[in-house]
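Visitor: Quick note, the sequences are listed as chains A, B and C, same order. When we follow my numbering, the leftmost residue of the first sequence carries the number 77, and every step to the right adds one. When we follow my numbering, the leftmost residue of the second sequence carries the number 1117, and every step to the right adds one. When we follow my numbering, the leftmost residue of the third sequence carries the number 6, and every step to the right adds one.
Treat the hints as calculated values from the structure; they're not laboratory data. Cβ coordinates follow ideal geometry from the N, Cα and C atoms, glycine included. Worth double-checking, as some hints may not be accurate.
[What the hints assert, rightly or not] Pairwise CB distance ranges (calculated):
hint	chain 1	residue 1	chain 2	residue 2	range
1	A	Arg-139	B	Arg-1217	24 to 32 Å
2	B	Ala-1220	A	Ala-92	51 to 59 Å
3	A	Ala-205	B	Ser-1322	37 to 45 Å
4	A	Gly-271	B	Gly-1411	36 to 44 Å
5	A	Gly-161	B	Gly-1411	16 to 24 Å
[What the hints assert, rightly or not] Every beta carbon over 12 Å from chain A, so not counted as near; a handful from chain B, in silico:
hint	residue
6	Gly-1298
7	Pro-1323
8	Ala-1370
[Stated by the list, open to error] Among the chain A residues that face chain C by a calculated CB cut under 8 Å, a handful are:
hint	residue
9	Ile-88
10	Val-256
11	Gln-261
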Amino acid sequence: MTLQTLPARYRIAWRAAETHDTVTLALEPVDQPIGTHLPGQFTMLYAFGIGEVPISISGLAGRCLVQTIRSVGAVTRALCEADPGQLVGVRGPFGTHWGVADAAGRELVIVAGGIGLAPLRGALLAALAARERYRRIVVLIGARSPHELVFAEEVAAWRAAGADVLVTVDRASAGWTGHVGVVTQLIDRAGIDPGAALALICGPEVMMRLTARELCAHGVAPGNIRLSLERNMRCGIAECGHCQLGPLLLCRDGPVVSYTQVAPLLTVREL
Amino acid sequence: MQHPTAADGPLLMDATALEPLCSALRRAGYQVIGPTVRDGAIVLGELGSAADLPFGWGVSLQPGGYRIRRRDDTAAFGHSAGPQSWKQFLHPPREKVWSARRTAGGFEVEPGDNPAPRLAFLGVRPCDLSAIKIQDQVLGRGQHAGSTYAARRSGVFIVAVNCTEPGETCFCASMGTGPGAGPGYDLALTEVTGEDGHRFLVEVGSPAGADMLASVPTRRADAAFARRARSAVAAASGRMGRSMPAGILHDLMAASNDADRWDDVAARCLTCGNCTMACPTCFCTTVEDTTDLSGDHAERWREWDSCFDLDFSYLHGGPVRSSPRGRYRQWLTHKLGTWHDQFGSSGCVGCGRCIVWCPVGIDLTEEVAAMQAEAAQGGTRHAGTGGEQP
Amino acid sequence: MNRAETADLAAHAFLRGMPADHVALLSATAAPVSLPAGHRLFEEGGRAANCWLLTAGQVALDLPVPGRANLIVETLGSGDVIGFSWLSPPHQWQFGAQALGPASAFELDGPAVQALCDAHPELGYQLAMRMLAAAVRRLQATRIRLLDLYAPPGGRGDAE
């Protein structure tokens, strides 16, 4: 395994605006492509002259890496404003993956909050591509408002492919006739079988903590709950020390972790 | 002159043999790095000759205090806890990772040109040798086998010097890293001064070490001398300045997240980060992405960083560890606790530099003792942030 | 109004664990109802005199906002209780409620439930504790929504 310190060049093949501040980029390799990756892993994306950010891989389209970026700072703003044809740097893939295959024969329960749907999308697509392997695929999505739902136009296709998808928003807008409430309130609605569930959760850390707790209250064992955690990341290769969460180096031991591992860590202030 | 092998047993050399040793190292293409007096401290720098060593200089150490002092002998290695460690040579404070330039089609990337000089370290204390091995584990193994650290490290020639005179702030014995050097040296010296003269016991640790002695005047050490040198080292473990309390520190740290003691130390800690700079195992770095004024040329540099820096844990608009309590706790629980989880050993080697170079004299052995006492009294008064019970 | 069957009522999540004799008493005040899609259960400002235990479908609590039609503040589904304002003065609905699709529920007659609780304090206590638990869960969820966790970090701008 070689050290990934140099960015590989990728060209933006296409870009799609998901919401007012979130963009999906399809990146095709110019140099040697990065190694094969699994849903849940991430890359460090480089905008020339500005810097790098860790972004989860949200899928594959042919030879293209599909990555969804929210504009929250200088680097992500540059990436979101980049045009097709422009080059970006890619290092990776880094980190642990969701382990979707572990849900074979069981109920795969995907709970996504906000932009957290992006790291989960790859897992969902992988499961839908082999739908018969899973007893049930449940997707619970929480978004801020109806027009801040990422991948909104894909939801119908996911349902058609055999996923039970429930969507809720924190704030409704005129014309919305779907659920209004926090995403944990969908757990009741979904009628999951706690003994058979493997749950994958991604979103703001508070949302993940509360969702994991709610799933446990419903009888899902902590070992069957996985979260994708985040801390400040600089190198991506476990040598800079920034992404520590207690004993874990999240670029190496995460971002996907078991709730059993992290439950005691998530409630320690300033860990 | 003899050409000794390790099987011949320890050797004896006079202090005057240090010069031929340095010459031999330089002839072999090494840059010789060792302690030297500069700016009122004993620092590590390139030695032009053995005369640059701090013969006759010692140090007075205390929490938050360091002074060099004249010794009443001519010992060259009778000092400890200098402001720097060998990590500045193996894991440099600044290094260019790569550069990139804009092109018509986008940009091109070139790896940083980081020549790995051949370095010889003359005078590595056992604690610092342990620290080098700890950094090897963090920065040079597994996926890091091809790193610039590994490249620099692979050619290093190490002359360790066993400890016979621990400093007031030393506690290597209680960390299991001294006062005698563990494996990993090419040569290990034990300095003996006295009426019989200024001499060294020389132990060979590698074929490279044996070869280097080919042009250095040595002779077989007689049993009495060898015994005298070795017992001085053994005696040193009973004369440590302090000791780290016994116990499984990993477990103590894991159980201490809510300890009151953190508030106590946070009231003193300036979060200046001196400890992380002086510590021989602290390895954290950051990356700086820069461009020139034209915007056409970009560089990425890796630089030393400290977990005491507010920016270190920045996430979504603010630092995760904003309080001094949170940052000091991170440093100590990592050093003594989670380092085991991440890298399979303690991160502390008992060199005492953090105690000496802390402007307010925080002593981690004292902090650990206080935390053990607090834990023994049944833990903290804080209400349950004991975490989830899955 | 048709009287609710005790067994059906006892199966509702809201009444889980309530002693059977209490449920039997309560069934005298409850009637199963169908709520067609679009049916308005109550309007803001109306007199609050009943509550519903939803058994199927989805009901939205809403508020009319000038220039923005009716904004949905929360949706409730099977297992939920709808309506707290009947419990205490001024007995006035604070929101409106509409069935988003065909729904069914047990409708409880407010004054009748009140009289039952006055006569049977133990039943009153059981009901009150369940109402409180439902209100607390909704309060907790609402507080989380107020945190606006999915907002951009630094709380920049609004989507609209």
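Visitor: For every hint, state whether the structure bears it out.
Guide: Okay, the hints, checked on the actual structure:
Look at A:Arg-139 against B:Arg-1217: about 26 Å separates their beta carbons, and that is inside 24 to 32 Å. Taking 51 to 59 Å as the suggested C-beta distance range, the pair B:Ala-1220 and A:Ala-92 does not conform, at roughly 27 Å. The hint said 37 to 45 Å for the Cβ distance between A:Ala-205 and B:Ser-1322, and at roughly 55 Å that hint is violated. Judged by the Cβ atoms, the range 36 to 44 Å given for A:Gly-271 and B:Gly-1411 is violated: they are separated by roughly 58 Å.
Under the hint 16 to 24 Å, the C-beta atoms of A:Gly-161 and B:Gly-1411, about 19 Å apart, fit the expected range. Residue-level check passed: B:Gly-1298 sits 24 Å from the nearest beta carbon of chain A, beyond 12 Å. B:Pro-1323, annotated as away from the interface, keeps every beta carbon of chain A farther than 12 Å; the closest lies near 29 Å. With a minimum CB-CB distance of about 8 Å to chain A, B:Ala-1370 fails to clear the 12 Å threshold, and the non-interface call is violated.
Residue-level restraint check for A:Ile-88 is violated (minimum Cβ-Cβ distance to chain C is 23 Å; threshold 8 Å). The criterion of a C-beta within 8 Å of any C-beta in chain C is met by A:Val-256, whose closest approach is roughly 5 Å, and the hint holds. For A:Gln-261, the shortest C-beta to C-beta distance to chain C is roughly 6 Å, which falls under 8 Å, so the interface hint holds.
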